[in-house]
Amino acid sequence: MKYAFYPGCVARGATPELYTSTIAVCEKLGIELETTSMEAASCTGSGVLQEKNQRLGDTLNARNLALGERAELPIMTICSTCQGVMGQAEKRLEDADYRASVNEDLAEEGLQYKGNPGPRHLLWILLEDYGLEKLKAQFIRPLTGLKIAPFYGCYLVRPEDALAFEDNPDRKNSLEIIIEAVGAEVADFPGKTACCGFPILTINQTNSMKMVSNHTLAAKREGATAMVTPCPLCHLNLDGYQPTASKQVGQPIDLPILHLPQLLGLALGIEPEVLRLNKHIVETDKVLSAMALTP
Amino acid sequence: MDVALNVRRFDPEAERPESYYQEFALEVDETATVLDGLIQVREEVDGTLAVRCSCRSAICGSCAMKVNGKGVLGCTTKFIDVMGPDGAAVTVEPAGNMGLIKDLVVEFDAHWDKIKAIEPWLKPSGPAPEAEYLTSDQDMLHLAGVMGCIQSGVCTSECTVLEIDENFLGPAALAKAYRFVADPRDDADVDRLGQLNRYGGIWDCTRCMKCVEACPKDVDPMGRIMAMRELAMVAGYTDNNGASHANAFYDIVKRNGLLNEFWLIMKTFGMFNIPEMLKLAPIGIKAFFRGKMPPITFDKIPEPKSVTRIFEKVEGRNK
Amino acid sequence: MRAALSAAQNGVDVAVVSKVYPVRSHSNAAQGGINAAMADRGDKWEDHAFDTIKGSDYLADQDAVEVMAQEAGAEIIGMEHMGAAFNRGEDGRLGVRNFGGQRDARTFFIADFTGQALLHVLHEQVLKSGVRVYEEWFVTTLVMDDGRCTGAVAMDMRTGELHYMRAKAVIMASGGLGRVFEPSTNALICTGDGIAQAYQAGAGVMDMEMVQYHPTTLKNNGALMSEAARGDGAYLLNSEGERFMERYAPNMMELASRDVVSRAEQTEINEGRSIDGCVLLDARHLGEKFISERLGQIRQLGIDFAGKDLATEPVPIRPGMHYIMGGIKTNVDGLTNIPGLYAAGETACVSVHGGNRLGANSLLDTLVFGRRSGVHASEWVKSQPAAGGDASVEGTENARLQAILDRKDGELFGPVRTALGKTMDKNLAVYRDQAGMEAAWADLLELRKRFEGVVVHDKGRIFNTNLIFTLELGFMLDCAETIIAGALERKESRGAHTRTDIPGRNDAEWLKHIVVTKAPEGQDTPNIEYVPVTITQWEPQERKY
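Protein chains in written order, with my numbering: chain A, 1 to 295; chain B, 1001 to 1319; chain C, 2001 to 2545.
Chain A extracted, bound-state conformation (with noise of 0.2 Å):
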């Protein structure tokens, strides 16, 4: 199982430990990361550059698909929102005539988008190609006695056509599955597919931030000893912005955000420290001594 490894901007940036604890869990899952082909890729927009360019943005995940293409394997993010940017330019990359257009622009380099699938997200793969059975077989210090509230980040979740949840129906709950296969309880909660604010955070602070409360709180209020997020986006606003978000509502919450893959590399029996749960900005302790580990 080898994939073109594209990180997205954050991971490398303001969220350093989902990159690490990725690497190291594709390591020990035997999951071959090829990190060079998209070194050339460059940011998806993330949505805001397709606010001031549609078509810019388009033409630049086309351009990165056509990395991949190239490099011939297939695609592997770790960000919901890159997930979801790039699923939508290829949607729209369907049309014959808008992708030979947008090709016009890549010929320069010599790249030429084919129209072939385009990336998947670390947690489908872990489902669609890993095999759930395969992935819980590896699982060696399971969560057992923890709950864990999913929050899967606006651009996995929608448009549903361009996530392809019609012919991959799991996609849909991906995430609680998991949180289920690591031996934890899932705490559901309202609001486990809704916004959890980051894209108008520079704009209206206030109303990022409640959306930060109303969606931990809400986690806590169903027990949850810690939430999982597949996009580092959602992360950099639910950890980073926690106690800004705790200010504002008065109120203490004091909830771990994990990411996606540090929830994975405790169940495989990963330390830890490599995967940086000490570089949090809400501290990770309760979710390790409750699993008994020293944090």
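Worth double-checking, as some hints may not be accurate.
As the list claims (entries may be wrong) - Here are the simulated lysine-lysine pairs, DSSO-like style, with alpha carbons at most 30 Å apart:
| hint | chain 1 | residue 1 | chain 2 | residue 2 |
| --- | --- | --- | --- | --- |
| 1 | B | Lys1286 | A | Lys247 |
| 2 | C | Lys2422 | C | Lys2449 |
| 3 | A | Lys279 | B | Lys1300 |
| 4 | A | Lys220 | A | Lys136 |
| 5 | C | Lys2512 | C | Lys2044 |
| 6 | A | Lys210 | B | Lys1070 |
| 7 | B | Lys1305 | A | Lys91 |
| 8 | A | Lys147 | B | Lys1123 |
| 9 | B | Lys1254 | A | Lys134 |
| 10 | A | Lys172 | A | Lys286 |
| 11 | B | Lys1123 | C | Lys2128 |
| 12 | B | Lys1070 | A | Lys220 |
| 13 | C | Lys2512 | C | Lys2449 |
| 14 | A | Lys247 | B | Lys1279 |
| 15 | B | Lys1267 | A | Lys279 |
| 16 | C | Lys2518 | C | Lys2422 |
| 17 | A | Lys52 | B | Lys1066 |
| 18 | C | Lys2544 | C | Lys2426 |
| 19 | C | Lys2426 | C | Lys2491 |
| 20 | C | Lys2308 | A | Lys172 |
| 21 | B | Lys1300 | A | Lys52 |
| 22 | B | Lys1123 | B | Lys1066 |
| 23 | B | Lys1267 | B | Lys1300 |
| 24 | A | Lys91 | B | Lys1066 |
| 25 | A | Lys114 | A | Lys172 |
| 26 | A | Lys2 | A | Lys91 |
Just so you know, the hints here were simulated from the structure itself, not pulled from any lab data. Predicted model, so just to flag it, every value in this text is computed and none were measured.
Chain A is already provided as a structure; the job is to place chains B and C on it using the hints.
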């Protein structure tokens, strides 16, 4: 076939009005919709059930409601699609983000107020021509997409920003605003965009796509909001955080191919924006000590020029 | 709304009262388009007028048709100036499509939701004008004072409170009465309220026997599949794959007058050349791109409610009750026989549609006569003293409603309405006969008795839809009375009124309208009067398509 409805009821005239759930067991046709079921209840079983509905064919926009937690039109939601394999009861609740009047009937006033707030009428400049204005079929077809809105309020019900901030104009009003901005016969676009450039307008959308998914007429409200953001920036409305954020993002990726969050924040707020910098300082410091601070020197892809070239090519065409 | 705008423009204080938010009105269901003969496109209003008159089977009043045909162009341009986004041709000018019963293409359209689009544009203009709209206010009765209409009593549905809305003039534009029939293409709100209220107030209602059965409705829920499909080239096939209209209307084929097509379909169905009681609408040859651009809405209806994609398979359809050509009798300015009472749109009968309405003439009717009644009414009120009338009507109405609420034990309105709808659809449909219509009358008397005992579960006042539906049922029974009375009276076949026992048109004796007025106390059946048809240019001829 046998179906069960679990309807959230509310009687404002009860001694102690409070919401409660009531189940109804019905026998319906294979192709029956949830609305068919509700109508059957009120016509034959319990006349007190209040639900707005009229056309039963997704054109009047009356029957917005939540079925199994999701905002839909009752008349296009078939029982077989929402029943689940074990024929479990289908939960029906009033539309969200709107005050409750009775049972499934909600307060639509705020929704209408926002529609009125965007001045939803054509504003041509100068006297009207003798015959029709000349426009292209393409322009009119483009309008037909957003004009398909039947004011159902399903988007209003699902909007994650309206959930926490009632001052947001919301997807329906913003989509309606786009209908005029995109109309070649309307000459007030620049003004309209200026109005929408304020708090509660186009920049307050959190891009969660719930309205896109919920809309029963494929109006794509979020897409229209994004289109207006682009138009607003082109029209020169760039002195707000939303625009400077988009512009900063653009500049950074154009130059380096990748994003750098540190510089993105700096450029969005402006390095000399002392109040904002002071607000961000505690977070920045904490992040720095956890090793989460992106490098101050820009992260680049190996050949950033390939990306810069694409920017120039695509943007160059727009001019 | 069109009337309110022209009244407001004329400087009078006008308010709109609607039992639903204005954009929920059933005009939004009109799909195909709106007709106009534009002189600058080489079209002649006389041609449009003749097509309309022939379509009406010569029952339309030709002076009224002339007015409508002459003003059509200006109305459409007026709507376009307000922002209506009509389809365009290559030259940027308004585009047209073909429609039933017309020899030339003069139907202007907005994709396949022309009605919705025009309704929303009017609403936008109403918002701009600042005209007050009493939304979700349900009118229970008109108020009369000394032979004059002085307003109406309406219930604010939010609180249940009744209010006497005193007005110097009332324009009734409450739409049709589809729910008197089951099934029908009409929305649940189409219960003939205005027609019944005017009838109760003493106005004459005319041509009520003329009920249009639309050729292409879905079997499942009676939903309408726009004539636009046939206008754009779709075929009608029977179970043998034959384009059977060849045998009934060899020239116009699928685009013959609606009554002709409905009769043809019904005959095919009655003679066994149907599939599950339906014939087929086939548009596959038009191609997917065309269908998604021009017929997107009805394609979705076919998928949602019949499980068939118009782009790739034929959709089963059959005739379904759709429109009432008849209504409150008015002159060309919307004035009824009661001073201060006007009517426009489907509620009214001028008559421009006579025995059968052409597609895309209804939206035109509402705009032209909406405008005219707004103008005439607003002009008239300027010279009138304040409306009198006693505020005690509120108390009287309240007591009447409370008496209904106080009833214990009985059936809900639902089964009574369904029974009404079924007997009307059985006996007053495409083909009628004496025995059937008499049976319907007998059923009606039975249903009136049942109605007296209908109970209302909801004893509250806030948003009491249970009470409202019960009141609407009363209106529907009144409407049914006028329909059956008119149908029994007309002893010929004309337009939509086809009697198997008296086939053939009889101009010598029946070139006249039947006007029904409420029976005085003690009389069993309503009063019937005749009014001659106004002929200007076009002598009645044999009607062939």
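We went through each hint and held it up to the structure:
1. Proposed proximity of B:Lys1286 and A:Lys247 is supported: the alpha carbons are some 16 Å apart, at most 30 Å.
2. Annotation: proposed proximity of C:Lys2422 to C:Lys2449 holds, straight-line Cα distance about 17 Å (limit 30 Å).
3. Pair hint A:Lys279 plus B:Lys1300 holds up; C-alpha atoms about 24 Å apart against a cutoff of 30 Å.
4. At roughly 27 Å between alpha-carbon atoms, A:Lys220 and A:Lys136 fall within 30 Å of each other, so this suggested pair holds.
5. For the suggested pair C:Lys2512 and C:Lys2044, the alpha carbons sit about 27 Å apart, so the restraint of at most 30 Å is met.
6. Among the hinted pairs, A:Lys210 with B:Lys1070 is consistent with the structure: their alpha-carbon atoms are about 22 Å apart, no more than 30 Å.
7. The hinted pair formed by B:Lys1305 and A:Lys91 meets the criterion: a straight-line CA distance of about 27 Å does not exceed 30 Å.
8. Distance restraint check for A:Lys147 and B:Lys1123: the Cα-Cα separation of roughly 56 Å exceeds the 30 Å cut-off, and the hinted pair is therefore not satisfied.
9. For the hint pairing B:Lys1254 with A:Lys134, the CA-to-CA distance comes to about 42 Å; that exceeds 30 Å, so the pair is violated.
10. About 28 Å separates the Cα atoms of A:Lys172 and A:Lys286, which keeps this hinted pair within 30 Å; it holds.
11. Restraint check for B:Lys1123 and C:Lys2128: the C-alpha separation of about 10 Å stays at or below 30 Å, so the hint holds.
12. At roughly 23 Å between alpha-carbon atoms, B:Lys1070 and A:Lys220 fall within 30 Å of each other, so this suggested pair holds.
13. About 33 Å separates the Cα atoms of C:Lys2512 and C:Lys2449, which puts this hinted pair outside 30 Å; it is violated.
14. Taking the CA atoms of A:Lys247 and B:Lys1279, the gap is about 13 Å. The hint holds against a cut of 30 Å.
15. This hinted pair checks out: B:Lys1267 and A:Lys279 have alpha carbons roughly 26 Å apart, not beyond 30 Å.
16. As the CA atoms of C:Lys2518 and C:Lys2422 are separated by approximately 24 Å, the hinted pair is consistent with the 30 Å bound.
17. For a cut-off of 30 Å, the pair hint linking A:Lys52 to B:Lys1066 is broken: about 34 Å separates their Cα positions.
18. Proximity of C:Lys2544 to C:Lys2426 is assessed by CA-CA distance (about 27 Å); at most 30 Å being required, the pair is judged to hold.
19. Distance restraint check for C:Lys2426 and C:Lys2491: the Cα-Cα separation of roughly 19 Å lies within the 30 Å cut-off, and the hinted pair is therefore satisfied.
20. Between the alpha carbons of C:Lys2308 and A:Lys172 the distance comes to roughly 28 Å, so the proposed pair stays at or under 30 Å and holds.
21. Restraint check for B:Lys1300 and A:Lys52: the C-alpha separation of about 22 Å stays at or below 30 Å, so the hint holds.
22. Taking the CA atoms of B:Lys1123 and B:Lys1066, the gap is near 36 Å; set against the 30 Å cutoff, the hint is violated.
23. Of the supplied pair hints, the one linking B:Lys1267 and B:Lys1300 holds, its CA atoms being roughly 17 Å apart against a limit of 30 Å.
24. Distance restraint check for A:Lys91 and B:Lys1066: the Cα-Cα separation of roughly 29 Å lies within the 30 Å cut-off, and the hinted pair is therefore satisfied.
25. Under the criterion of a C-alpha separation no larger than 30 Å, the hint pairing A:Lys114 with A:Lys172 is consistent with the structure, at around 28 Å.
26. About 24 Å separates the Cα atoms of A:Lys2 and A:Lys91, which keeps this hinted pair within 30 Å; it holds.
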